[in-house]
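Letter by letter, the chains look like this.
Number of protein chains: 4
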Amino acid sequence: MLKIADKIFNSRLFTGTGKFNSAIQMEEALLASGSELVTVALKRVDMHTDEDDILLHLKYPHINLLPNTSGVRNANEAIFAAQIAREALETNWIKLEIHPDPKYLMPDPIETLKATEELVKLGFIVLPYIHADPVLCKRLEDVGTAAVMPLGSPIGSNKGLKTIDFLEIIINQSNVPVIIDAGIGAPSDAAKAMEIGADAVLVNTAIAVSGNPIQMAKAFKIAVEAGRMAYKAKLGAIGSHAIASSPLTSFLD
Amino acid sequence: MLKIADKIFNSRLFTGTGKFNSAIQMEEALLASGSELVTVALKRVDMHTDEDDILLHLKYPHINLLPNTSGVRNANEAIFAAQIAREALETNWIKLEIHPDPKYLMPDPIETLKATEELVKLGFIVLPYIHADPVLCKRLEDVGTAAVMPLGSPIGSNKGLKTIDFLEIIINQSNVPVIIDAGIGAPSDAAKAMEIGADAVLVNTAIAVSGNPIQMAKAFKIAVEAGRMAYKAKLGAIGSHAIASSPLTSFLD
Amino acid sequence: MLKIADKIFNSRLFTGTGKFNSAIQMEEALLASGSELVTVALKRVDMHTDEDDILLHLKYPHINLLPNTSGVRNANEAIFAAQIAREALETNWIKLEIHPDPKYLMPDPIETLKATEELVKLGFIVLPYIHADPVLCKRLEDVGTAAVMPLGSPIGSNKGLKTIDFLEIIINQSNVPVIIDAGIGAPSDAAKAMEIGADAVLVNTAIAVSGNPIQMAKAFKIAVEAGRMAYKAKLGAIGSHAIASSPLTSFLD
Amino acid sequence: MLKIADKIFNSRLFTGTGKFNSAIQMEEALLASGSELVTVALKRVDMHTDEDDILLHLKYPHINLLPNTSGVRNANEAIFAAQIAREALETNWIKLEIHPDPKYLMPDPIETLKATEELVKLGFIVLPYIHADPVLCKRLEDVGTAAVMPLGSPIGSNKGLKTIDFLEIIINQSNVPVIIDAGIGAPSDAAKAMEIGADAVLVNTAIAVSGNPIQMAKAFKIAVEAGRMAYKAKLGAIGSHAIASSPLTSFLD
Numbered sequence: 001m002l003k004i005a006d007k008i009f010n011s012r013l014f015t016g017t018g019k020f021n022s023a024i025q026m027e028e029a030l031l032a033s034g035s036e037l038v039t040v041a042l043k044r045v046d047m048h049t050d051e052d053d054i055l056l057h058l059k060y061p062h063i064n065l066l067p068n069t070s071g072v073r074n075a076n077e078a079i080f081a082a083q084i085a086r087e088a089l090e091t092n093w094i095k096l097e098i099h100p101d102p103k104y105l106m107p108d109p110i111e112t113l114k115a116t117e118e119l120v121k122l123g124f125i126v127l128p129y130i131h132a133d134p135v136l137c138k139r140l141e142d143v144g145t146a147a148v149m150p151l152g153s154p155i156g157s158n159k160g161l162k163t164i165d166f167l168e169i170i171i172n173q174s175n176v177p178v179i180i181d182a183g184i185g186a187p188s189d190a191a192k193a194m195e196i197g198a199d200a201v202l203v204n205t206a207i208a209v210s211g212n213p214i215q216m217a218k219a220f221k222i223a224v225e226a227g228r229m230a231y232k233a234k235l236g237a238i239g240s241h242a243i244a245s246s247p248l249t250s251f252l253d
Numbered sequence: 001m002l003k004i005a006d007k008i009f010n011s012r013l014f015t016g017t018g019k020f021n022s023a024i025q026m027e028e029a030l031l032a033s034g035s036e037l038v039t040v041a042l043k044r045v046d047m048h049t050d051e052d053d054i055l056l057h058l059k060y061p062h063i064n065l066l067p068n069t070s071g072v073r074n075a076n077e078a079i080f081a082a083q084i085a086r087e088a089l090e091t092n093w094i095k096l097e098i099h100p101d102p103k104y105l106m107p108d109p110i111e112t113l114k115a116t117e118e119l120v121k122l123g124f125i126v127l128p129y130i131h132a133d134p135v136l137c138k139r140l141e142d143v144g145t146a147a148v149m150p151l152g153s154p155i156g157s158n159k160g161l162k163t164i165d166f167l168e169i170i171i172n173q174s175n176v177p178v179i180i181d182a183g184i185g186a187p188s189d190a191a192k193a194m195e196i197g198a199d200a201v202l203v204n205t206a207i208a209v210s211g212n213p214i215q216m217a218k219a220f221k222i223a224v225e226a227g228r229m230a231y232k233a234k235l236g237a238i239g240s241h242a243i244a245s246s247p248l249t250s251f252l253d
Numbered sequence: 001m002l003k004i005a006d007k008i009f010n011s012r013l014f015t016g017t018g019k020f021n022s023a024i025q026m027e028e029a030l031l032a033s034g035s036e037l038v039t040v041a042l043k044r045v046d047m048h049t050d051e052d053d054i055l056l057h058l059k060y061p062h063i064n065l066l067p068n069t070s071g072v073r074n075a076n077e078a079i080f081a082a083q084i085a086r087e088a089l090e091t092n093w094i095k096l097e098i099h100p101d102p103k104y105l106m107p108d109p110i111e112t113l114k115a116t117e118e119l120v121k122l123g124f125i126v127l128p129y130i131h132a133d134p135v136l137c138k139r140l141e142d143v144g145t146a147a148v149m150p151l152g153s154p155i156g157s158n159k160g161l162k163t164i165d166f167l168e169i170i171i172n173q174s175n176v177p178v179i180i181d182a183g184i185g186a187p188s189d190a191a192k193a194m195e196i197g198a199d200a201v202l203v204n205t206a207i208a209v210s211g212n213p214i215q216m217a218k219a220f221k222i223a224v225e226a227g228r229m230a231y232k233a234k235l236g237a238i239g240s241h242a243i244a245s246s247p248l249t250s251f252l253d
Numbered sequence: 001m002l003k004i005a006d007k008i009f010n011s012r013l014f015t016g017t018g019k020f021n022s023a024i025q026m027e028e029a030l031l032a033s034g035s036e037l038v039t040v041a042l043k044r045v046d047m048h049t050d051e052d053d054i055l056l057h058l059k060y061p062h063i064n065l066l067p068n069t070s071g072v073r074n075a076n077e078a079i080f081a082a083q084i085a086r087e088a089l090e091t092n093w094i095k096l097e098i099h100p101d102p103k104y105l106m107p108d109p110i111e112t113l114k115a116t117e118e119l120v121k122l123g124f125i126v127l128p129y130i131h132a133d134p135v136l137c138k139r140l141e142d143v144g145t146a147a148v149m150p151l152g153s154p155i156g157s158n159k160g161l162k163t164i165d166f167l168e169i170i171i172n173q174s175n176v177p178v179i180i181d182a183g184i185g186a187p188s189d190a191a192k193a194m195e196i197g198a199d200a201v202l203v204n205t206a207i208a209v210s211g212n213p214i215q216m217a218k219a220f221k222i223a224v225e226a227g228r229m230a231y232k233a234k235l236g237a238i239g240s241h242a243i244a245s246s247p248l249t250s251f252l253d
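Protein chains in written order, with the UniProt record's numbering: chain W, 1 to 253; chain Y, 1 to 253; chain Z, 1 to 253; chain R, 1 to 253.
Please note: incorrect hints may appear among the correct ones.
Stated by the list, open to error - Okay, derived cross-link-like pairs now, DSS-like style, lysine-lysine, Cα gap no bigger than 27 Å in a straight line:
(1) Y:LYS232 <-> Z:LYS103
(2) Y:LYS103 <-> Z:LYS232
(3) W:LYS103 <-> R:LYS121
Said to hold, decoys possible - Here chain W is said to cover these stretches of chain R; the calculated rule only asks that three of the stretch's residues, wherever they fall, bring their Cβ under 8 Å from a Cβ of chain W:
(4) 109-121
(5) 125-136
(6) 148-159
(7) 215-223
Hints listed in this document are in silico derivations from the structure and should not be mistaken for laboratory results.
Glycine included, each C-beta is placed from N, C-alpha and C at the ideal position.
Work the whole structure out from these sequences, hints included.
Here's what the structure looks like:
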């Protein structure tokens, strides 16, 4: 089982709430996914009414909310957003997303490290979204990050694990859980991430924009289980050339 | 459900019997895989005793045997081998494997077409192992093949779907089931094959040489299910650049 | 230097005549490429006038014409087309292209082998366009092919060397020159083909449809030279992980 | 022509001095490469003798030295090293390399930004070696970097352009020259980097550890020229499926 900070997770598939056609569809897909950690953009939480749309659909004992700071551009804004989120959602967990560029939404390594350090001091459990940067991962560890969330490819691109060479280095070196975030476009990508030893994956776009989000959520659920199972069972080596899987017959000679 | 010739299959994971450490391990792994079609090299069937090792471990009502001609070098040898197999195993299904080259075990397109045509006339249900050659697939259809089994990468290499550009053309054009055979090295490869619309996959080496064949068989079982589910639910488009999965917040502005 | 049949080539870049905006542009691009073997679709040769457009632009002592059978669908049509070409262009060299499918233009392995065998008997120097099929290459050798022309990816797709795993096997096993044909979309693809040991490449679409065919022809010319030079100088090994190219300094310790 | 700070370069191939078998071999290879910017690890410069080995072999009017800080672990060490280099080599150009990890030599984004900012204030022309991180590139621009040097893959790995999806974003957004540094293993990789619009590449290991460094240097020289030429001539689009490069013939119908 996966432990992050003080929480135990049975499911290694984390999810998000963006891009669904309706709140009902979102709710059904997230239930189908089995996900126990669901990230919510602070902006989408309506703090002025008692009956907030999204949150009402996430009130299940097995679902932990993970507010994210999507939309902030620097450490100060992120810290401010995290504090609002803590009060509004009554959790000290925060997914730190700092992306100054509106086109590719690539994260800022400098501001992310700064904000992580400060938020840890303020008592937050910090899960920072970052580029697949092995040195940044170690520095985040040094300041007390609860996990690292390197990207597979640009957010929302569905391009899969374009950073795999660096993800392997990160997984190899990390002392905190490694959660692959962003870019996972298909269950096979999620399975692959788990096969190389990731502790979990976060999937949102690929479920929400698929033809059938509920079925796709189920597909991701079992693909993650398959990948984890394969990691533990250890994959065979990749050969430089073929070796027959059936011995050559001599019965005709 | 998948139909090949007159048979219906609930499982889209086909398996083989080579390279396991023991017959017991093989039996347990194949049961864990849920596979309903298991290929056996004719050479490995001992036709001179009543108590053949391998076959004894495959006597389950849900398991259909698929004898293969591994080791033959041309159409004549293949036809002879198929006839022996039909008598010995009491099935007219045959996996046609003709690979004259002992190093890479790549299949021979000319002899494979010739043997398929002849075997169909002799009443066989033929499943030929071939390169990922779209034109050859159509020609095999023309002579009555029951399915086509294009390779993902060289047999036993675990290299995955190196032929994916051609597999997509084959799947797009085929009127018979397409089973990806050879090279699938990890559950993520199997899931990917199913996501692009393959009807089934055949996996042997990746299960047999893994650290834990029984667990790996389970992992492949659910990865194939995940991939099929994703295919039916339709994957989202791959983006040229990122689109945020959470709307940008304006709450700080 | 490269020898095919009885001819010596200084340039390892072969070219084609399709898709240029004008015959003048084609002529200038082909001159810039330095190519000594240029393929021409038989259909485009006007056999009823003395002043055929295309051929007039290819009358250079260093340019050898290589008529191709593009458009034929089987061996018989190919043989007939080759005979017409021999008479019309006064050469017994023929690029054999048999692709029954009008969408992907993938070659037919069966008809190609049959036509090669027949054409060799009829005194032709045959260069067959084929899928990257190692066994087919050996069979073509057996019937006297002058070279093999496996594809990198579908004709005109500019997708590059999608078949590289199989091209390496073909190059490794071949006793006749291996010319990578189809799919090469950029000078880097051509360089890569040469680096893995191809004897030559054939490029048409990538030059003709570029923004500046004459400059692109030059770029391909030197990329092919670079790749060949690198092949002969032997590339260094690809590392599993990094080794510093500069020794670590101790001057600060 | 390429301009960095106040210098104009005719060659877009930058080189390094590590891993050659001898200083003579290095000198000949660098001359063959046509390189006008050569990086030298500070550690390798012997500051206590008048007749330093390496520097004696680099005394050519067309060669500019680019001392690097390889081996330092943080900004302070880097600044100190840069100052020593400026005095010893009489240049204010510095290639900033800060990699605290001795195994993969991945660069530290935080310390690199800090050191760049400080060194620019101290009058240096700074060329920082970094991960392919688009946001970091923009921040380095903000503090006055002269260029950015994102990696293709881990130093010395010869793995090529594993970061290509991010290099394209960087090139697309950059206002300073982009030099692809580290991981380029073959001339085809260098050509590819230039084709996507890089301003230059830096190659060391792939030349030094090849079977023939002088020939390999020449191969890189022309591959870089080919890639640049192709970039300017504009590559054709990559097709989703094939389009014939020769029109289909109707002459047989």
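Taking each numbered hint in turn, which are not upheld by the structure, reported in ascending numerical order?
-> As far as the earlier hints go, 3, 7 are violated by this structure, in ascending order.
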